[in-house]
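There are 4 protein chains.
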Amino acid sequence: MKIGFIGLGAMGAGMAGNLLRAGHSVAVYNRTQGKADVLLKNGATLAQTPSDACRGREFVITMLANDEAVQEVVLAKGAILDALQAGAIHISCSTISTAMARCLEVEHHRRGQRYVSAPVFGRPEAAQGKELVVVAAGQPESVAACMPVFAGLGRQTIIAGTDPAQANAVKLCGNFMIAVLIESFGEAYAALRKSGVDPKLFLEIINGLFKSPVYETYGRLIAEERFQPAGFRLELGLKDVRLLLQTAEENSSPMPLASVVRDQFLAAIAHGQKDMDWSSLARVAARNAGLGA
Amino acid sequence: MKIGFIGLGAMGAGMAGNLLRAGHSVAVYNRTQGKADVLLKNGATLAQTPSDACRGREFVITMLANDEAVQEVVLAKGAILDALQAGAIHISCSTISTAMARCLEVEHHRRGQRYVSAPVFGRPEAAQGKELVVVAAGQPESVAACMPVFAGLGRQTIIAGTDPAQANAVKLCGNFMIAVLIESFGEAYAALRKSGVDPKLFLEIINGLFKSPVYETYGRLIAEERFQPAGFRLELGLKDVRLLLQTAEENSSPMPLASVVRDQFLAAIAHGQKDMDWSSLARVAARNAGLGA
Amino acid sequence: MKIGFIGLGAMGAGMAGNLLRAGHSVAVYNRTQGKADVLLKNGATLAQTPSDACRGREFVITMLANDEAVQEVVLAKGAILDALQAGAIHISCSTISTAMARCLEVEHHRRGQRYVSAPVFGRPEAAQGKELVVVAAGQPESVAACMPVFAGLGRQTIIAGTDPAQANAVKLCGNFMIAVLIESFGEAYAALRKSGVDPKLFLEIINGLFKSPVYETYGRLIAEERFQPAGFRLELGLKDVRLLLQTAEENSSPMPLASVVRDQFLAAIAHGQKDMDWSSLARVAARNAGLGA
Amino acid sequence: MKIGFIGLGAMGAGMAGNLLRAGHSVAVYNRTQGKADVLLKNGATLAQTPSDACRGREFVITMLANDEAVQEVVLAKGAILDALQAGAIHISCSTISTAMARCLEVEHHRRGQRYVSAPVFGRPEAAQGKELVVVAAGQPESVAACMPVFAGLGRQTIIAGTDPAQANAVKLCGNFMIAVLIESFGEAYAALRKSGVDPKLFLEIINGLFKSPVYETYGRLIAEERFQPAGFRLELGLKDVRLLLQTAEENSSPMPLASVVRDQFLAAIAHGQKDMDWSSLARVAARNAGLGA
Numbered sequence: 010m011k012i013g014f015i016g017l018g019a020m021g022a023g024m025a026g027n028l029l030r031a032g033h034s035v036a037v038y039n040r041t042q043g044k045a046d047v048l049l050k051n052g053a054t055l056a057q058t059p060s061d062a063c064r065g066r067e068f069v070i071t072m073l074a075n076d077e078a079v080q081e082v083v084l085a086k087g088a089i090l091d092a093l094q095a096g097a098i099h100i101s102c103s104t105i106s107t108a109m110a111r112c113l114e115v116e117h118h119r120r121g122q123r124y125v126s127a128p129v130f131g132r133p134e135a136a137q138g139k140e141l142v143v144v145a146a147g148q149p150e151s152v153a154a155c156m157p158v159f160a161g162l163g164r165q166t167i168i169a170g171t172d173p174a175q176a177n178a179v180k181l182c183g184n185f186m187i188a189v190l191i192e193s194f195g196e197a198y199a200a201l202r203k204s205g206v207d208p209k210l211f212l213e214i215i216n217g218l219f220k221s222p223v224y225e226t227y228g229r230l231i232a233e234e235r236f237q238p239a240g241f242r243l244e245l246g247l248k249d250v251r252l253l254l255q256t257a258e259e260n261s262s263p264m265p266l267a268s269v270v271r272d273q274f275l276a277a278i279a280h281g282q283k284d285m286d287w288s289s290l291a292r293v294a295a296r297n298a299g300l301g302a
Numbered sequence: 010m011k012i013g014f015i016g017l018g019a020m021g022a023g024m025a026g027n028l029l030r031a032g033h034s035v036a037v038y039n040r041t042q043g044k045a046d047v048l049l050k051n052g053a054t055l056a057q058t059p060s061d062a063c064r065g066r067e068f069v070i071t072m073l074a075n076d077e078a079v080q081e082v083v084l085a086k087g088a089i090l091d092a093l094q095a096g097a098i099h100i101s102c103s104t105i106s107t108a109m110a111r112c113l114e115v116e117h118h119r120r121g122q123r124y125v126s127a128p129v130f131g132r133p134e135a136a137q138g139k140e141l142v143v144v145a146a147g148q149p150e151s152v153a154a155c156m157p158v159f160a161g162l163g164r165q166t167i168i169a170g171t172d173p174a175q176a177n178a179v180k181l182c183g184n185f186m187i188a189v190l191i192e193s194f195g196e197a198y199a200a201l202r203k204s205g206v207d208p209k210l211f212l213e214i215i216n217g218l219f220k221s222p223v224y225e226t227y228g229r230l231i232a233e234e235r236f237q238p239a240g241f242r243l244e245l246g247l248k249d250v251r252l253l254l255q256t257a258e259e260n261s262s263p264m265p266l267a268s269v270v271r272d273q274f275l276a277a278i279a280h281g282q283k284d285m286d287w288s289s290l291a292r293v294a295a296r297n298a299g300l301g302a
Numbered sequence: 010m011k012i013g014f015i016g017l018g019a020m021g022a023g024m025a026g027n028l029l030r031a032g033h034s035v036a037v038y039n040r041t042q043g044k045a046d047v048l049l050k051n052g053a054t055l056a057q058t059p060s061d062a063c064r065g066r067e068f069v070i071t072m073l074a075n076d077e078a079v080q081e082v083v084l085a086k087g088a089i090l091d092a093l094q095a096g097a098i099h100i101s102c103s104t105i106s107t108a109m110a111r112c113l114e115v116e117h118h119r120r121g122q123r124y125v126s127a128p129v130f131g132r133p134e135a136a137q138g139k140e141l142v143v144v145a146a147g148q149p150e151s152v153a154a155c156m157p158v159f160a161g162l163g164r165q166t167i168i169a170g171t172d173p174a175q176a177n178a179v180k181l182c183g184n185f186m187i188a189v190l191i192e193s194f195g196e197a198y199a200a201l202r203k204s205g206v207d208p209k210l211f212l213e214i215i216n217g218l219f220k221s222p223v224y225e226t227y228g229r230l231i232a233e234e235r236f237q238p239a240g241f242r243l244e245l246g247l248k249d250v251r252l253l254l255q256t257a258e259e260n261s262s263p264m265p266l267a268s269v270v271r272d273q274f275l276a277a278i279a280h281g282q283k284d285m286d287w288s289s290l291a292r293v294a295a296r297n298a299g300l301g302a
Numbered sequence: 010m011k012i013g014f015i016g017l018g019a020m021g022a023g024m025a026g027n028l029l030r031a032g033h034s035v036a037v038y039n040r041t042q043g044k045a046d047v048l049l050k051n052g053a054t055l056a057q058t059p060s061d062a063c064r065g066r067e068f069v070i071t072m073l074a075n076d077e078a079v080q081e082v083v084l085a086k087g088a089i090l091d092a093l094q095a096g097a098i099h100i101s102c103s104t105i106s107t108a109m110a111r112c113l114e115v116e117h118h119r120r121g122q123r124y125v126s127a128p129v130f131g132r133p134e135a136a137q138g139k140e141l142v143v144v145a146a147g148q149p150e151s152v153a154a155c156m157p158v159f160a161g162l163g164r165q166t167i168i169a170g171t172d173p174a175q176a177n178a179v180k181l182c183g184n185f186m187i188a189v190l191i192e193s194f195g196e197a198y199a200a201l202r203k204s205g206v207d208p209k210l211f212l213e214i215i216n217g218l219f220k221s222p223v224y225e226t227y228g229r230l231i232a233e234e235r236f237q238p239a240g241f242r243l244e245l246g247l248k249d250v251r252l253l254l255q256t257a258e259e260n261s262s263p264m265p266l267a268s269v270v271r272d273q274f275l276a277a278i279a280h281g282q283k284d285m286d287w288s289s290l291a292r293v294a295a296r297n298a299g300l301g302a
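Residue numbers (my numbering), protein chains in the order written: chain V, 10 to 302; chain E, 10 to 302; chain H, 10 to 302; chain D, 10 to 302.
Treat each hint with caution, since some may be false.
Same chains, same label: a pair holds when it works inside one copy or across any pair of copies.
Restricting the straight-line Cα-Cα distance to at most 35 angstroms, the calculated cross-link-like pairs of lysine-lysine (DSBU-like) are [stated by the list, open to error]:
hint, residue 1, residue 2
1, 139, 209
2, 203, 139
3, 86, 209
4, 220, 44
5, 50, 203
6, 283, 220
For the record, the hints were derived by calculation from the structure and aren't laboratory data. Only a predicted model underlies this, so the values are computations on that prediction, with no experimental measurement involved.
Input sequences plus hints: build the corresponding full structure.
Following this line, the structure appears as structure tokens:
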């Protein structure tokens, strides 16, 4: 299929590569052009602008950092909204707000275009290895039309609903579950260290109990205080909690754990941790317990 | 070895049975005598009082509901403290406060007796199936002497430290990790239900992400609102969070997630949920979001 | 002086009236025209549009509900930004976000216009009685130029700084202090009611202790559950806490009390209280304690 | 009347002095005897032990630091419980737990003695100046019998109910209201300092708004960071919040603001502030915002 792909960060580059390998025709665009080089060698076409990446394409995929980037690349004058052909589908894989998803749905619809939210679960390695889980939502025929594309991106696609924002809500809640577990490790480790118990010993027990690779990964990162280089920057973790709290507010749904986690993220940023891995959130609990750092 | 076993609840009965099967001589005591019948058939001796269960025993194990029961069975006049022979070891497997563990340590020591904290992780089925994880702490020689006993109780023993209270702190933190995940499911499900997303769909994604039997179990219980019969009563969940917060206070270690969970437990109890499974904590988040129940 | 006044709600109408009484020439605009009638009788001129209210005016004051209204009345095409003459001053008395204040500062500056933030403390009665406290911030010469206007609006003007957003931050923090006291009454009353103590008895003590009209007013409203008609709608209370949390996030400043209050506001709204007085926030604490409502 | 008075701390000494001035016969006891000297000069009798202070007395007042001190002075062997004559009244003015108040009620009743809880509001200066507010609860005839005593202690007596624990619940809630306002100042000041606004400017506005001496006092202490010498030690503030949370737990009454304040107290203590004034709680919010200290 003919796909435009916009946003070649750590995630996007891997995803676009897999689409090429799956035999799709892919026109790629990135603000910083160097990132496209490997993809061009593997058969991608270079688009000079976002709208260039839309021309003659049945799908355009955006994999961008945040709402502001989507604003610029999709909604601004002369951007995707003005360039995409009627009937073509914009697939947003970015972790954006549910409000932005609703806005995109409305604006594309007005122009006879289609919109599907399809945020993905997985770290850069998973993007590269086609191991992502795609959570898609939108009009059923639109989502159905995207299935061959999703098949090229990940190992599983889950349909969250017919309203695109539902996929974004699911993605934000997934990240929330991880953020909470990071904070819970932070609090437990701090309390145990002050009782003279080694966090690694506790982690051994937790691994035996939860048997989860997610606990194992984060539990170890935090116990060893390996917060750099960042797998997922703390600042982005805060962004996702903020977006979730916005969604929850639109829904009148209180989320007190999310509120605690948000406050801890802010304390982390106030202490210079914005570019560390988000697991460094645990430092806030340690610091409040009077433990170094 | 010659073991006294006090407290034949759902957990204790399974544990005492496994000690018998492992070839130990076991004298059992329970306030309600009927609970001992099966064990007596399998070779246990019946003790008429807690002190009776201590006579001529190298070990006495207590598996009781809370600090108050320990107070009565161990510290009261004519109870274990007065009856245990010098050098014998009291093993407390109950989930008790770290303050009580320290008190037991001191009182036993005064009388030339020994004390080891050895709380266990696992539900009644695990107790029965010898699948418990034992977390032990105390004087190294005392803990070493207990190893054959622990081998008869579970599949693994982890040494938390030389101060008995450390084992209790670890146990309380383990339960805290579970309580937090229950609450996080509660909040996420509520927010998603208000976005029109089915909790079961979210659970499918979470299972794919966390791959943890603990998430699978609690995620399903909550999605299906199967809160009765209780595997672990909500009231006991509150007790454990309270004990943890006490420990954290002794250590000057703030635990904001634990505080949130405690408040939600109180709201649950105010709405008549104390005898439901502790996963029903999730109802509080739902109720605060205006969702039924 | 020649003043344009936009926004004749409960607050704005009183404020515009006082400017007239102080001898200023006032052109008034409101979306719903009926609201202007009394003012017209007292000498105001009717403006047909926001830009109409700017023509030939040295000052234009906006007293609007929220950022969205400011967006529409100030920033939209053909609105204040396009109509205000060079050197004239836009005074925003609305409770808006610090981000919006910064945006207004920049946009006015670009056009050679001037901008001052001047949110006010006080309820509608205070607006009418010229009892408001004005908190102003902006370029010193601009603020100085506004002093005669402020003198017509309230009993006291306090200069918060040279950055307009500072005045808005102060206003949001002031409302936060009140929201927190409302919630603290809610929690204390609920706990005391469950101890069999009458909230009014507690209020008597609190009045003796704090000697504050604010405590007296809110303490009584809550004790008597007189939540309608609303003096200040709960929904607006949530808005202000949200704006404060945004400001605090821009500053990396955690505010855990504000987070709790925000969650309680959401629960209130989920239970249909958005149009009640914001003191009805106390119902959430009562409900979570299992007390009626 | 014949009164025994036990506990001559900063509060107790002033209270006992006023009882003497009011013409009562007062036998005083304190662990450290030097504290009694001035009172002895003013006509007090010296008691060598707590039980000594009960002999021949119609009332015995305790003004002690906490539950543990009450345990020792009242409940221990040979203490007040064993010494007080039948019909005499034990008045506890200490800030103790509601559980302890209930325990005292039961134990005195068993011995034909009477018990009244009468905690007081006010700082040491108020104790000295007979400006305390007494909150009393207990059997109506007992409370009535105490009125002449209360008249000698403070400027006002408020009857909280017939269950002594009710007076203690009221006292704890009163302190909670103050602790919350301290924390709210801490959060607002931190956010404003990061916006470049001087806390003193904010305080001026708050004073104009709340017109409360309590806000004025604490707002200034915090703005000026005058945390030593302590008027009320932070450690005691934590104690009172802990007791309140226990009461709230007995009542199944969630108090999320109290939980936040408790966590902040723990962070303060972890940073060495236990002997500073409790207004230094504000430092925790500042520190979490990355502001010095």
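Evaluation of the provided hints:
1. 139 <-> 209: Answer is both: 32 angstroms inside a copy and 25 angstroms across each meet the 35 angstroms cutoff.
2. 203 <-> 139: between (43 angstroms within a copy, 32 angstroms between copies)
3. 86 <-> 209: Result: close neither inside a copy nor across copies, 54 angstroms intra and 41 angstroms inter.
4. 220 <-> 44: between (37 angstroms within a copy, 34 angstroms between copies)
5. 50 <-> 203: This pair counts as neither: shortest intra-copy Cα distance 55 angstroms, inter-copy 46 angstroms.
6. 283 <-> 220: Both ways: residue 283 and residue 220 sit 30 angstroms apart in one copy and 29 angstroms across, limit 35 angstroms.
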